[in-house]
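J.: With chain R held as given, fit chain U onto it using these hints.
In case you want the letters, here they are:
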Amino acid sequence: MADMLKRVPVREQEAKVRATNFEEVCYGYNMEEAQEEASRCLNCKNAKCIEGCPVSINIPGFISKIKEGDIEGAYQVIGESSALPAICGRVCPQESQCECKCIRGIKGEPVSIGKLERFVADYALEHDIKPKKAEKSNGHKVAVIGSGPSGLTCAGDLAKLGYEVIVFEALHELGGVLVYGIPEFRLPKEKVVKKEIEKVKELGVKFETNVVIGKSTTIDQLIEEEKFEAVFIGSGAGLPMFMGIPGETANGVFSANEYLTRSNLMKAFDDSYDTPIAAGHKVAVVGGGNVAMDAARTALRLGAEVHIVYRRSEAELPARVEEVHHAKEEGVIFDLLTNPKEILVDENGWVKGMKVVKMELGEPDASGRRRPVEIPGSEYEIELDTVIMSLGTSPNPLIASTTEGLKTNKRKCIVAEEENGQTSKACVFAGGDAVTGAATVILAMGAGKAGAKGIHELLK
Amino acid sequence: MYKIVKAEKLADMIYLMDVEAPRVARHCEPGQFVIVKLDEKGERIPLTICDYDREAGTITIVFQTVGASTMKMAELKAGDSFRDFTGPLGCPSEFVHEDIESLKKKRILFVAGGVGAAPVYPQVKWLKERGVDVDVIVGSKTKDMLILEDEMREVAGNYYPCTDDGSYGHSGMVTTKIEKLVEEGHQYDLCVAIGPMIMMKFTCLLTKKLNIPTIVSMNPIMVDGTGMCGACRLHVGDEIKFACVDGPEFDGHLVNFDEAMKRQQMYKTAEGRAILKLKEGDTHHGGCGHCGGDE
Chain R
1 MADMLKRVPV
11 REQEAKVRAT
21 NFEEVCYGYN
31 MEEAQEEASR
41 CLNCKNAKCI
51 EGCPVSINIP
61 GFISKIKEGD
71 IEGAYQVIGE
81 SSALPAICGR
91 VCPQESQCEC
101 KCIRGIKGEP
111 VSIGKLERFV
121 ADYALEHDIK
131 PKKAEKSNGH
141 KVAVIGSGPS
151 GLTCAGDLAK
161 LGYEVIVFEA
171 LHELGGVLVY
181 GIPEFRLPKE
191 KVVKKEIEKV
201 KELGVKFETN
211 VVIGKSTTID
221 QLIEEEKFEA
231 VFIGSGAGLP
241 MFMGIPGETA
251 NGVFSANEYL
261 TRSNLMKAFD
271 DSYDTPIAAG
281 HKVAVVGGGN
291 VAMDAARTAL
301 RLGAEVHIVY
311 RRSEAELPAR
321 VEEVHHAKEE
331 GVIFDLLTNP
341 KEILVDENGW
351 VKGMKVVKME
361 LGEPDASGRR
371 RPVEIPGSEY
381 EIELDTVIMS
391 LGTSPNPLIA
401 STTEGLKTNK
411 RKCIVAEEEN
421 GQTSKACVFA
431 GGDAVTGAAT
441 VILAMGAGKA
451 GAKGIHELLK
Chain U
1 MYKIVKAEKL
11 ADMIYLMDVE
21 APRVARHCEP
31 GQFVIVKLDE
41 KGERIPLTIC
51 DYDREAGTIT
61 IVFQTVGAST
71 MKMAELKAGD
81 SFRDFTGPLG
91 CPSEFVHEDI
101 ESLKKKRILF
111 VAGGVGAAPV
121 YPQVKWLKER
131 GVDVDVIVGS
141 KTKDMLILED
151 EMREVAGNYY
161 PCTDDGSYGH
171 SGMVTTKIEK
181 LVEEGHQYDL
191 CVAIGPMIMM
201 KFTCLLTKKL
211 NIPTIVSMNP
221 IMVDGTGMCG
231 ACRLHVGDEI
241 KFACVDGPEF
251 DGHLVNFDEA
261 MKRQQMYKTA
271 EGRAILKLKE
281 GDTHHGGCGH
291 CGGDE
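Residue numbers (the UniProt record's numbering), protein chains in the order written: chain R, 1 to 460; chain U, 1 to 295.
Isolated chain U, as found in the complex:
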């Protein structure tokens, strides 16, 4: 069992937890993820590592409620436990292996969308701790949905919040902010974009035009997360890659986003049914599969 030592609601539908997992905390690096399983009957869910404390042996995870399992997870409190917590999984971000002096010379732009701020944070923090200042754009729908603002402000060189509705910071999508920064004369050698697939796709379309190499962190459906099933496979250029072992970070200009987004929808109906079942409890009639509503 893996004990939750802190549970906090960051915004509507977005939750943060510190979980005791000493082996993961001892070995993890920015860019990696964990797989959590709530209880005996739960499914395995991949979540990016948002922060870690090697001394305390804890891992910070941030998640958004999108389906039945994350809704159940959101109800957990400090003192509760996850039955399973596996990691660190995937490859660390490439810069972890790079020479710090050459990193310092690079101008790097991080772009986070929504809950994607969580996986961006440990990368920016890691760089800051080594004296590398980077620019960070964080986008969300509204001001209320913006997470980890203070934390990000502290580690980012320049911090640019944006909201789709203009309620805070730059008004508009992260892509319009990127365009604006470039117009203002900022030059970037590398962009790291993490968020919903649609946001990563449009960021990549733009950075390709702007000629900025771009890394994205893919979030496909996963089961084991160790390379034994291929549920998370995707096309990167002409090659098929398993996001859990070859990634999750890839060259965004080579990723086939349209295919990846279609694959993400695979269990849409099953997920919808699971939410219904959870909400309706005993009155649940078996989901729309029975009345033929969505089939």
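Chain R extracted, bound-state conformation:
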């Protein structure tokens, strides 16, 4: 009999091996492991885990189906709430969502809800189980801007209700941050992302790539000229920030977006693709979020010695605990309470090092986090050939600046109602990072759902 207080461990690629390849780190459960883990679920009447899920998946419902061995049934239960379970099962911060509310977690370890969701979704991908599609069209036409998590979710939900949906994507591949941002070793592109998007296509959603809204056409033109009755903006927050310190335009300084886009979207890590990447031998990644971990682990796999340079301490790292743990296992070095002052540049314009200063934590600031303060006289130099800036991103102002009457706040985020995505402009809805600033995949999906509901209320 298994120890009911502990979760069934998940099989992973060994740290030393995986640090040299781009294969997925976590192998996921097999049927036997999934059923054993599912048996730990107490099937609570008043299931708290559902409250923790931003799209309210019927968690005990799908786990019961796993217990019965009805994986297709489990997939349909998840499908009522989520269009991208293979992705969310992999990248959601479950420890602060569904799993942190699990009753099992009070005495022991919570049920591995994310890994079970992933198991069900992967099973559906492998066995080509199709989602339920609308019986007939309702004759209404809706445009979705952006094919990231919020756009895909909104499009999928509307298609299920019989809407004719066209998704416009600026890049040449669909998926937004799922293809350009999150690396292959966390989220396989061919095996998972592409197939998951195929399922959205099977619902009847159409996609047009290489369309930059605000340039190739505008939202006003989509409404006036192409007769879309409603628009959902899920354009994300893709504008990178830099520090504004000397030397930042040197060769070898990248935004994490550029580094990851080259590696993930353009597959620069694979020699048979044309896009180059200056991998670097000694790399500093500045920042402590998930994107910083992704960039650091990517640089590591390209053969570099990698340092995370973060101005607060380990307790404040905004990245997921699992990612920090994985990064450490693989050999990423953490230079905590350290902040860059200047990037040192050689005579050819290349990075040769970075001047940093040690920090200590002072009084809590407005956000409640203890503010890092420089320790006077503690500056020192480190030798480097590559610096990756991972300081966060903000929404691209392109859509807001080309859409008449669309209100934004001072952080350049689009202003929209939380419950239905309604913006300041009639027939225009928005959700995801474009509204909240950089957040999580599942929150973006939740906003996509809310937007679909808002649009349905308007047009039905």
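Heads up, a few of these hints could be off.
Stated by the list, open to error - Derived pair list, reagent style DSSO-like, types lysine-lysine, alpha-carbon separation capped at 30 Å:
no. : chain 1 : residue 1 : chain 2 : residue 2
1   : R       : K141      : U       : K3
2   : U       : K268      : R       : K267
3   : R       : K282      : U       : K180
4   : R       : K201      : U       : K3
5   : U       : K262      : R       : K194
To be verified - Covered by chain U, according to a simulated footprint, are these stretches of chain R (three or more residues, beta-carbon under 8 Å):
no. : stretch
6   : 46-56
7   : 204-211
8   : 215-221
9   : 239-245
10  : 250-261
11  : 324-335
Unchecked claim - Partial list, derived from the structure: chain U residues whose beta carbon lies under 10 Å from chain R:
no. : residue
12  : A21
13  : K37
14  : L38
15  : G57
16  : G90
17  : T226
18  : G230
19  : V245
20  : M261
Just so you know, the hints here were simulated from the structure itself, not pulled from any lab data.
Every residue gets a Cβ at the ideal spot worked out from N, C-alpha and C, and that includes glycine.
T.: Chain U in isolation, oriented as in the chain R frame:
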């Protein structure tokens, strides 16, 4: 897929193509660019829009073979397709938003270097169609390398070809031609210079001395071209700008050319290796990175 309806060799290493891209053709303005991607494994390459036909839904691009990707592109023929073709990107030239009557009063000089004649052409044409005559200097290494001559002659007020080797037109660099025109008594309110960075740099050094405000079109390394990565960032005065969204046109007297030229060299070795790989085919041994030749 975006079909190539015309493919033509304009000069040694310089090619022109008309590509079907209706959305781009419907919305583009002079000064903007596109990003093309040849095939599944190709890279994204920025190219300035040289001409457009809104009715036919086509965009004309002109490119020079400088690396592996453009060499592969040069082999495409009418009927072939690009996998991806995105645009229009960047901001239109400033004059697009200006009052035509005040433009007519301005004396404008366009300076094109090499393949830079291609992005200069739609601007001069746009102005000509609105009754604004401008002077155009086009420079190239030799007569054979001069492109779009007939087209440019037709839309330019005064057209001044120059060749570095003196094989045609004015003998010398575009900068010596500018000096000469000014010496002869021509006065200009604005200069627009587009070409290799080194040519734009020296044009700006001269026009600054001559007190002629100058616009340049920057051509840094780009990846997405929509403002999400900052690969194309450059210093304009004290500010950092992204050429793909804030430009590509900037006040040339404020651009830090030395830094921009260094950034352009960033993948020199990687590019060199890609060409080697293409030329050597199966006999390719992995580039000089393996024998240590260039590292």
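J.: Each hint: holds or not?
T.: Tested hints:
Annotation: proposed proximity of K141(R) to K3(U) holds, straight-line Cα distance about 28 Å (limit 30 Å). Using a Cα cut-off of 30 Å, the hinted pair K268(U) and K267(R) holds, with the two alpha carbons roughly 19 Å apart. Between K282(R) and K180(U) the CA atoms are separated by roughly 52 Å; this puts the pair beyond 30 Å, and the hint is violated. For the hint pairing K201(R) with K3(U), the CA-to-CA distance comes to about 24 Å; that is within 30 Å, so the pair holds.
For a cut-off of 30 Å, the pair hint linking K262(U) to K194(R) is broken: about 38 Å separates their Cα positions. Restraint check on the stretch 46-56 of chain R versus chain U: 0 residues with Cβ-Cβ distances below 8 Å, three needed, restraint violated. Coverage of the stretch 204-211 of chain R by chain U holds in this model, with 3 residues showing a Cβ closer than 8 Å to a Cβ of that chain against a need of three. Here the stretch 215-221 of chain R counts 3 residues with a CB under 8 Å from a CB of chain U, which clears the bar of 3, and the coverage holds.
Counting residues of the stretch 239-245 of chain R whose beta carbon lies closer than 8 Å to any beta carbon of chain U gives 4, which reaches the threshold of three, so the coverage claim holds. Using a Cβ-Cβ cut-off of 8 Å, 7 residues of the stretch 250-261 of chain R lie near chain U, which meets the minimum of three, so the contact claim holds. Only when three residues or more bring their CB closer than 8 Å to a CB of chain U does the claim for the stretch 324-335 of chain R stand; here the count is 0, and the claim is violated. Among the interface hints, the one on A21(U) holds; its C-beta lies about 8 Å from the nearest C-beta in chain R, closer than the 10 Å criterion.
Residue-level restraint check for K37(U) holds (minimum Cβ-Cβ distance to chain R is 6 Å; threshold 10 Å). Proximity of L38(U) to chain R holds as hinted, the smallest CB-CB distance being about 8 Å (cut-off 10 Å). Here the hint on G57(U) is broken, as its CB sits about 13 Å from the closest CB of chain R, past 10 Å. A hinted interface residue such as G90(U) counts as satisfied when its beta carbon comes closer than 10 Å to some beta carbon of chain R; here the least separation is about 8 Å, so the hint holds.
Taking 10 Å as the C-beta cut-off, the interface hint given for T226(U) holds, the closest approach to chain R being about 5 Å. The criterion of a C-beta within 10 Å of any C-beta in chain R is met by G230(U), whose closest approach is roughly 4 Å, and the hint holds. Interface hint status for V245(U): upheld, as the beta-carbon distance to the closest one in chain R is roughly 7 Å, under 10 Å. Restraint check, M261(U) versus chain R: the minimum CB separation of about 9 Å is within 10 Å; hint holds.
In this structure, the hints that do not hold are numbers 3, 5, 6, 11, 15, in rising order.
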